[in-house]
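Participant: Same order as they appear, the protein sequences are chains R and B.
Mapping the first sequence onto numbering that gives the first Met the number 0, position 38 (from 1) lands on 37, and the numbers just tick up by one.
Mapping the second sequence onto numbering that gives the first Met the number 0, position 382 (from 1) lands on 381, and the numbers just tick up by one.
It should be emphasised that the hints constitute simulated quantities derived from the structure, not laboratory data.
Predicted model only: the values in this text are computed from it and were never measured.
Among these hints, one or two may not hold up.
[Claimed, not checked] Residues on chain B that point at chain R, a partial pick, calculated with CB under 7 Å:
| id | residue |
| --- | --- |
| 1 | G153 |
| 2 | T154 |
| 3 | V163 |
| 4 | L165 |
| 5 | L177 |
[Unchecked claim] Output of the computed footprint for chain B on chain R, the stretches with three or more beta carbons under 8 Å from beta carbons of chain B:
| id | stretch |
| --- | --- |
| 6 | 84-98 |
| 7 | 393-400 |
| 8 | 416-425 |
[Claimed, not checked] Derived pair list, reagent style BS3-like, types lysine-lysine, alpha-carbon separation capped at 25 Å:
| id | chain 1 | residue 1 | chain 2 | residue 2 |
| --- | --- | --- | --- | --- |
| 9 | B | K360 | R | K366 |
| 10 | B | K303 | B | K156 |
| 11 | R | K430 | R | K366 |
| 12 | B | K303 | R | K430 |
Ideal Cβ placement from N, Cα and C applies to all residues, glycine included.
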Amino acid sequence: MSGWLAILVLWPLAMASLIAIWPKLTKPVALLALFGTGLLSVVVFNLPNGVWALGGWAMPLGIGWRLDEISRLMLLLTGVVGMLVSLYAWWDSSLARSFWVLWLGAWGAMNALYLAADVFNIYVTLELLGLSAVALVAISLKAGALQAAMRYLLVSLLGSMLFLLGVALLYGQYGQLDILALAMQMEPSFPMLFALVVMSVGLMAKTAVFPLHSWLPLAHGRAPAAVSAILSALVIKASFYLLMRLWLEVFAPIPTLALIYGVWLMGSVALLWGAWQALSSQQLKPMVAWSTVAQVGYLVIGLGLLAHPNTPTGINTPEGWQWGLLWLMMAHALAKSAMFLAAGNLQQAAGHDRISDLGEVMRVQRKTLFAFGLAGVSLAGLPVSAGFLAKWWLLELGLFHQAWWLVMVMVIASLLSAGYVFRVLNVALNKELKPLIEHAPVMIPIHAGRQWVVLILASLGVLAGLQAQWLWGA
Amino acid sequence: MIDNSVWPLLIIASSLAPAILIFFIPENSRFLRSAVNIGGALIKLQLVVLLVLGIYAGEVYELSWALLPGLDFRLQIDGLAVMFLLLSAFLWLLTTIYAIGYLENSPNRARFFGFFTLCVSATAGVAMAGNLFTFVMFYEFLTLATWPLVVHRGTEKAIAAGRVYLRYTLIGGGALLLGTVLLHAFAGTPSFEPGGYLSAIDLPDWVLWSVFVLLMAGLGVKAALVPFHSWLAQAMVAPAPVSALLHAVAVVKAGAFGIARVMFEVYGIEYADALGMAFVLLVLAALTIVYGSLRALYQTDIKKRLAFSTVSQVSYVALGIALAGPIGAIGGLIHIAHQGLMKITLFMTAGNFSETLGVHKINQLNGIGQRMPWTTMAFSLAALGMIGLPPMVGFLSKWYLGIGAWEVGAYWVMAVLFASSLLNAAYFLPMIYRAWFLSAPAEWPHERRLSAHCETHWMLLVPPLVTAFTVVVLGLVAGFALGTLGWVQWLVEQEFVQ
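Isolated chain B (complex conformation) (with noise of 0.2 Å):
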């Protein structure tokens, strides 16, 4: 048997040596980076599934070392971190077909593709940090793989929104940094556990808060928590898989995830409520909701759109956090999961049509669902799930973030959440109506025949399908012990033992 220590980094790996690997594979070697993405991305969802049932068969993995004094670079896995790490090991299988579908003809594929695993990996450490110094170490690292993604067109453009993307990103990284050194300057770094271990400290009050606020606003940069929302539009410009990684698995989730760490492993929910910082996050993030659906409406480019819309729908994480309730905290976390498998779909759907068709607005949707049938399906189920209708996943999310703000008695937010649904449904049936029932134009914007016998190249189509099929299922069988649903109850009830 190897040591259970050595998973972290054979997770880490399956992703950093396929990267490094990809840098020095010649431009034209289509082929044989294509075999490196995708084994990397096959052994690493492997090994995660592995270390799925060993979790649920108790295991402990974790490995630490120190790298200063009192200070160590630790990773575990934990129940929270496996949920996202599976989630990114299998969203990063998809997006890597897709992508190679996506930019099989166009130039730096080598830069491209080392960068995106990098991210990969960056994210599975984001997971796996096992304290907040670690956690800090790969969200930074996060930043600087992601960056080249951005700007990976090199157009004036995209350069701009680098440069917006990396302002906001790097200046959170500031707060992020300074808020956790003030914290180990008080209270040092142990490693998170589930209750937090601030509680247990005696702290003075202006150190919880100056931490609280720096750690938020680094956090809420990349979870595009209003006010830190707007470079999240400007990065619209990186190509669709890029979008897709961003907004589903990567950076947003990076900042959610560390939200729900900090929260229920840091502070601990509970204490973090008796000292009134579950309020303000929920009031910021039910700001978010509704203020992120309201600039949604008035989009009129789908990507836009769904950026605005990705804005509102990262906060219904935070938001079931600050409710600082178990059922609250399950419709939360779940949505990490569930927000990801909807937005990706719909940002490869996306990427589809402007691929296969040119279409960029809104009002070019007229009719495609008879152009593309398949791609136009995905693309209603996810936004049918975003809306929050069952069976889909999305409405699983809402159901218990509605119960769990009914039993904390924060009425308001059911309001909040009503309001959204609304809103969630006057942008996204529009485009469901267009797509199906208007008739469709005599010339597409920009077509091309990308395969014979389908509507657009297989790499496209599959992803997002596979990704839409688990939208309906995941949302039929969540109960389930190992469904998304099992899985964070029984997170859930480690989070509030007390």
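So that you can see chain R by itself, here it is in the shape it has in the complex (with noise of 0.2 Å):
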């Protein structure tokens, strides 16, 4: 059984060595390591709940893994998603061969995250993870990506820093790592509070919540568009699917109705922020990147409002709330992953990203034009998607807490996404508007094949939209 969970993880490592010391055998490997991660995250998603230690070494020594609803789901959605946006950059020819070396390592950091069953193997993971994404921004070797590569460098270290202050913190209090055995023995205390804070600090500037997200529409925004889909739609998922277990279960009687509301307000601040920089931006890949910096912000509301004190359930149980957020996660990833790659087609069609400029591109690649109208109707929380879903949960959720102005913020955010989306699709469907530049524009072919993903991965988040049963019923 634990066998699956190594290969799961030791896969893409070692493709992404195969392709480290025999870069002729590039592309077949990285097909190879693409479909052979994506159908062992569905082996492994089918697997059932259990505690395993590596190497046979007791709990509280050796390496734990760890599999329940919550990493399963996880492990599927990064299997599905990285498996799609795979197949995108291998039709992508501009992208370097490091990006596949560097992506597998970061696959498979992720798949350990998801599994590691203790704080301190999640910061190694974390780490890695954190290191080979500073990588991707940089692999296109532009000036501004090395700026923003360096800035994301500081803030994951710094990110990492902190959680791993926490762990400290945790091991000298209760001498354990192991994060069942940590949530079994909490109690609120200062030590504790503070620990959470700082880990939470630490996660939160490695998710970009606001204030601390000024370098995600730097990196997000010029890397390439496969790596800017994986860091939006994952990467920062990993580091908010910590969050999520430190806040709801390793530390779940400690958050306080101030620290809720604090993170309530750095959400909705997201959200209204997030959106109006979106909205003002000039530029494609900005815009879907600020559009990230606001979907955050539904996140950390999200997980506010399960954390409140007054709601009911805990987070292993089937019938809880707490599958909206997954379900959350799960309709941005989709949608944004889309929305990246599919401004990734037309930037590179078109040599350029400007807004205003793109509207032949637009008219020409049809499929891509349409996925992105699907991938904002659900990022928007338009009907029918599963972000629509997710939209619902959270309202349903703030008014179960009375929370009215945090329900009016969500309304008006959403209205705000439906803004910059529609933005752009106007710029399609308008005749009229001439190209600011007036050389003739040089339109690059794109392989129909990215064309195509696009599209299913819009569409999966759209067609989710009629089906969440399962996942509550998982």
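With the hints as a guide, bring the two chains together.
Facilitator: Written as structure tokens, this is what we have:
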């Protein structure tokens, strides 16, 4: 049983090393890696829950792995989105070979992170993930990208340091690192409150929660499209997943109302500020990146709503509220990856990504445009889409806590997101809009498969809006 | 025998599948696209007719599955739904034929017909939605599917109109969603049922009222209730078949239909009346009726005048519902169908005038009856129906509304109806007079020869003639069991069980 888990982590890492050693084999090995890892995550999704000790060492000492409903879903999400984004990248000839080494490394690290059962191993995987993500931003080697990567590196390192500090505090208090054991012994106390705050700040910086977001628009805006999609859809979800584990499981009795109001406030400002910046952005990829800043607001608001002491049921009860948060992550991952990849298609074909000059390209790439629209529908939480159900869940939970202002902010934010999505679509449909720069647009052909990948991702995000019950019933 | 629960899905699929197909049909395969279009429309009409018979025989068609815990996606086909379905399926077939004739040589037809067809499946969903949540889903889906049609021309003006349209409908959609979630938090989301479900639950007044305000704001935007109406006149830049569809079946009607659902089957009309909500809606509807007609009077553009006339006429539906009596309800509900038939005729004929002769303004209508007698006749019949002359269907609506107002003692509403009819006459009769009795100009603004034998292309001519014919015939036979009046009487008996 635990064999499958080991393969899930080792397979992408092994393929990455193969590519590093024999560059000539990049294409076939990459294909093997992406389908293999994707399929493995489906296999693992169907394994029963459990805790395993790696290499036979007993839990407090050895490395423990753990599979439960939540990690299983995160693995599946990473597997499916990762596979589709990789397929897109496989057809994108402009990507350097190092992309595959780094991305497969990050994929393996993420899988390990979701499986890790103790906070120290989580720290290790988090660090690995952070480093490969930073390197991914830098692979295009443009000055802007390097600068963005540098900033990301600092934030990422700082975040990991804070997380490690929290790990030390936990170990000092309880002499334990295992998540389940810690959750069992956790008592409200000042050091633990401090540990929660420190670790949260670290993880929030990595997730780009307002006001720790300023690195994200740069990094996600300047990286190649496939990388942006991976970072926005998957990598920030990994650190958010840890936030969820900490707030709802390890430190479950700790969050005070003050903390929760703080988180709500951060989320609300993120929603409005991110959407505002996206609305006023003149370029497509930075717009999509700012939209991530806004959407992260929904995630932390959802987290705050769940961690609220009045919210019924804990994290591991199947009838509980918490599935909504996972659903929200899934909806965002599908929509955002589709949107970044669509932006990538348009940008590469046009040679630039000034929104107002993209009309021609969007009229040619109809599948990409349609996918962009579908992804936008899901992001703005309009029906029929996964995003709509997620928004419904957030609103319902907000009303349950009678947080009226929060509900209003969420509704306004979703209108703002509709605003920036339709702003782009307007350009596509407007026939009278002339390009600002008069040189005839040279359109670089894009592999047809890339348009299909985008369309598939976006359609998944929409179709999921018709069937959410399987998740709640899981 | 197939399971009855398949039917709602079949209805949706009968326009969703053609829509998806059409997106992938190359721009130039005109024949294939038209075949898929008309084939889909015919299949849908056939299905709906079978359903009508089934419902009449007492069959129950419903389908639901849980989307979230405690929240069902639910489709059910009841009397109200079937009326709206039949209307949309019938008018869709005609509008499709018309649209094929109208857009024959313009660009982006795949996109146009794709969204056009999507729009119809959204309308079918609105009709069949079995609870408020499902209704909201399809209602918003309809917004998204119609937007590309509004901006279809791609001119700055069209884009601006689209922007206004989205601003209104999305904000309205937000209000509707908020109201629905709020109600869900307090009362859950059971399925629609005649007589409503809120009277059985003891909810605080502030919840009932805030939900009411939010829902009416959301539905009022599409139903073009004052003060949410101004998008409608701007949306006139869309191609004529779109205006016809928006005004007669899809968007505006979805709003009116939603008001009927909420008042009858969520609150229950008697409960809403007791709480005072019906009165609020009544005043709002009366205001809209007079205001819309007044504005229509001052328009010089044909389509603009028709648009403001829609603002006014659609509110008859809300008015009839808000009268909170069975006879008024009959008047309101049959007007859903009647206004659709008359308005679609008006828009299609107006489209013919502009396509064939380049006539857009009212003062260009002089003598048009000599050049295009058939079109002008269809126009005149529908316009007379709007004024409320027998035997056209419009008479029936107004008759029942008037009696309904008398029945509940709302005499001022009778005055409103009378004033509105006068205003209708004041803005329609001059058009008819100009068309038939004034002499034609030597040259039309922009004449095109679209057909060797007829006054215009046959695909543009037949649909309005059919609808105009229906306007008259239905007015004569409405009382039969399967006529609109008979059907609605049966519906209203269910709503006023208590």
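Participant: Run every hint past the structure and note whether it holds.
Facilitator: Comparing the hints with the structure gives:
| no. | hint | in the structure |
| --- | --- | --- |
| 1 | G153 | 4 Å, holds |
| 2 | T154 | 6 Å, holds |
| 3 | V163 | 12 Å, violated |
| 4 | L165 | 6 Å, holds |
| 5 | L177 | 6 Å, holds |
| 6 | 84-98 | violated (count 0) |
| 7 | 393-400 | holds (count 4) |
| 8 | 416-425 | holds (count 3) |
| 9 | B/K360 x R/K366 | 40 Å, violated |
| 10 | B/K303 x B/K156 | 15 Å, holds |
| 11 | R/K430 x R/K366 | 19 Å, holds |
| 12 | B/K303 x R/K430 | 24 Å, holds |
When each numbered hint is compared with the structure, violations occur for hints 3, 6, 9.
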